[in-house]
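Student: Starting from the structure of chain A, add chain B with the ligands where the hints point.
Each protein sequence line maps, in turn, to chains A and B. Heads up, the first sequence is in the numbering used here, so the first residue is 1 and it goes up one at a time. Heads up, the second sequence is in the numbering used here, so the first residue is 241 and it goes up one at a time.
I should point out that these hints are in silico values taken from the structure, not numbers from a laboratory. Hints should not be assumed to be uniformly reliable.
[To be verified] Below, simulated SDA-like cross-link-like pairs (lysine to any residue); rule was C-alpha separation at most 25 Å, straight line:
hint, chain 1, residue 1, chain 2, residue 2
1, B, Lys414, A, Asn100
2, A, Lys213, B, Asp646
3, A, Lys213, B, Val617
4, B, Lys541, B, Asp519
5, B, Lys414, A, Arg215
The structure presented is a predicted model; accordingly, all values stated were derived computationally and were not measured.
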Amino acid sequence: MSINPGFAPSFSLDGRQVPFTAGQTIIQAAAAAGIYIPHLCYRPELKPHGSCKLCTVKVNGRQASSCTLQAQAGMVVESDTDELNDERRALLQMLFVEGNHFCPSCEKSGDCKLQATACELGMTSPHYDHFFPSRPVDASHPDVLLDFNRCILCSLCVRASRDIDGKSVFALSGRGIGSRLIVNARSGRLGDTDFSAADKAASVCPVGVILPKRRGFAVPIGERTYDAAPISVVALREGE
Amino acid sequence: MSYRLETAAHPENLRRVAIDPVSRVEGHGKVTILLDEQNRVQQVRLHIVEFRGFERFIQGRPYWEVPVMVQRLCGICPVSHHLAASKALDQIVGAHRLPPTAEKMRRLMHYGQILQSHALHFFHLCSPDLLFGFDSEVGRRNIVGVAEKYPETAKKGVLLRKFGQEVIRVTAGKRVHGTGSIPGGVNRALGVAERDALLADIYRIVAWSRDAVHMAKELHTSNPALYNSFGIFRSNMLSLVGSDDKGPGALDFYHGSLRARDEDGGILFDKVDCRRYDDYIEEEVKSWSYMKFPYLKALGKEHGWYKVGPLARVQNCERIPSAFAEAERREFVDYAGGTPMHAPLAYHWTRMIELLHAAETIKELLHDDDLLGGELVAQGERGFEGVGVIEAPRGTLFHHYRVDEDDLVTMCNLIVSTTHNNQAMNEAVRHVARRYLHGREITEGLLNHIEVAIRAFDPCLSCATHALGKMPLAAELVDAEGRVIHRLSSA
Ligand code: SF4
Ligand code: FES
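This is chain A alone, in the form it adopts within the complex (with noise of 0.2 Å):
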């Protein structure tokens, strides 16, 4: 373990000490030393925007999220207590119920960022009711489909594109429970802007929105992301 606090400066993390560099986030300093904060809205090559409250944790006491927080020296942080893993999977239940998430029929099922979180934190049932909201799907691109159903309004998508692939294809819209992820053409269509299969916005989709065309269940049960092992393993592997 490279954890060496004589040098550095750390904050404690569930009663271990973790190292940070200037500027680093709690989530960051604790991914660098092999620590799993679950998160959803989060990916480290693209600015937090601190939105799913996944990552919550406790800082001195106080709840903040991870991901946006910077890390200070002598900082006292709780993350996996039962506590806040109840906060998590509630969230979690919330976002099931708020899309159309059918896992059994989903082809996301197995490399889905939100179902490999709920299995992690041990969600068994989605507890509230079911929004079954209508929404349909954009087929329109040749390359590319847009379903809507699953869509968590994460915006790694709106921030991909806006600044890595430097397009700005797709927005969020609207506010509280009427925020929908919209796509920035006239008619509202992905196949009428300049968006490729290639572009980064369109492999950060943590649930099944945006798919590549035709590809389904190409990939057997057994060798899809989440099968062999558990995202908290993943995470740390893959730098996600």
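Tutor: Frame of chain A, contents of chain B with the ligands only:
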């Protein structure tokens, strides 16, 4: 073939018996019987509430999702829907010939499904009735009762089914809701270890399947008065028959062309390309049932209805391409005396002949190294319409889709096995009601006769699949004003 007892002449003065099992997602069935003052049966109807909303649900979905999604149609034989949809979508991706690995993996999956489904039906659901008698003590008329009295039989039933489920798991990826079959082929080959594990058991499975045929045959032939006549009606028969490369007229559950015979066994049509099914089959809607009534167009509504499933298939084909099952088929045909056997209870015997054929076919496939690897998917010129037909455990299953330029499904039409048998099951129920209920006080044992007739067809209804003798069933005698005058419950 007639509509006798479908509609009473003066229903207003009759009492009503409803046999109404509790519903589950697959759809549920209900039998209503109208009796007059002297308990004479005046009208009998089997109503099946089908899950029709599904066809709409599929519209607007991307086509590659469909083979997995349609498995939610039926909790009883999801694999059949998985494969029928895949076969239809092969035509969308232009895969008119699948690579050998893909075709054989799908066959293996399908024959595994036939094996597990037929074993479940015969041993778990029907053997209690057949071994103990239709009006035997309810408490014993279940698989637990069978396990006590005939432990070997019950054990074989459980293990046959388990083997079939294991075949499904290694081909589809999971026992239920697998993903193995995809448009144009499959997503996996069989692992050597998986193959060897199945091979280690298959000889025992074939032997037990032979025992199962012998048991069904023995039950039938030792009580011809009952088995040859219970619920009997005569009808046409429809099924797939294998393509000629396996020898003409061979039984094939996975692929082939359509053949229909009349009630005397004469060929009505043959070698009909499945994609033209709607030139030959029409579906009638009746006001009193949610489930449609299909019939052969050429013969019209009144004479064109038919039966599907094991009894139709085993008599529609000219041979079964596996040695033991073929010998059994011949014996069955000889027993029937050269004319078609129409007795519903003969479904059991033919179902076990098919179980044996499935086991033998699995054995043959397991010796074929094509399963272990090679091309998994084929592709060709993009199509916009596809029809996939398969012989599901319960009978012929049609999946028909249209897909647009954007890859979304615009039309879906399904005709499931149980729908084909709708009129046939109604006929059987009417026959039984006339024969056993007419003029008598209704008892649980008598009502079970109705269920036995329905169950012979193995419909995918909750009422037919409640194991352990707990089929929740209520019969109500209702007077002309609709007041319940007597209620009988078997649960
Ligand atoms: S489409 Fe995917 S990446 Fe974009 S906001 Fe929705 S869930 Fe997030
Ligand atoms: S990962 Fe921090 S709020 Fe979503």
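Student: Which earlier hints can't be squared with this structure?
Tutor: none
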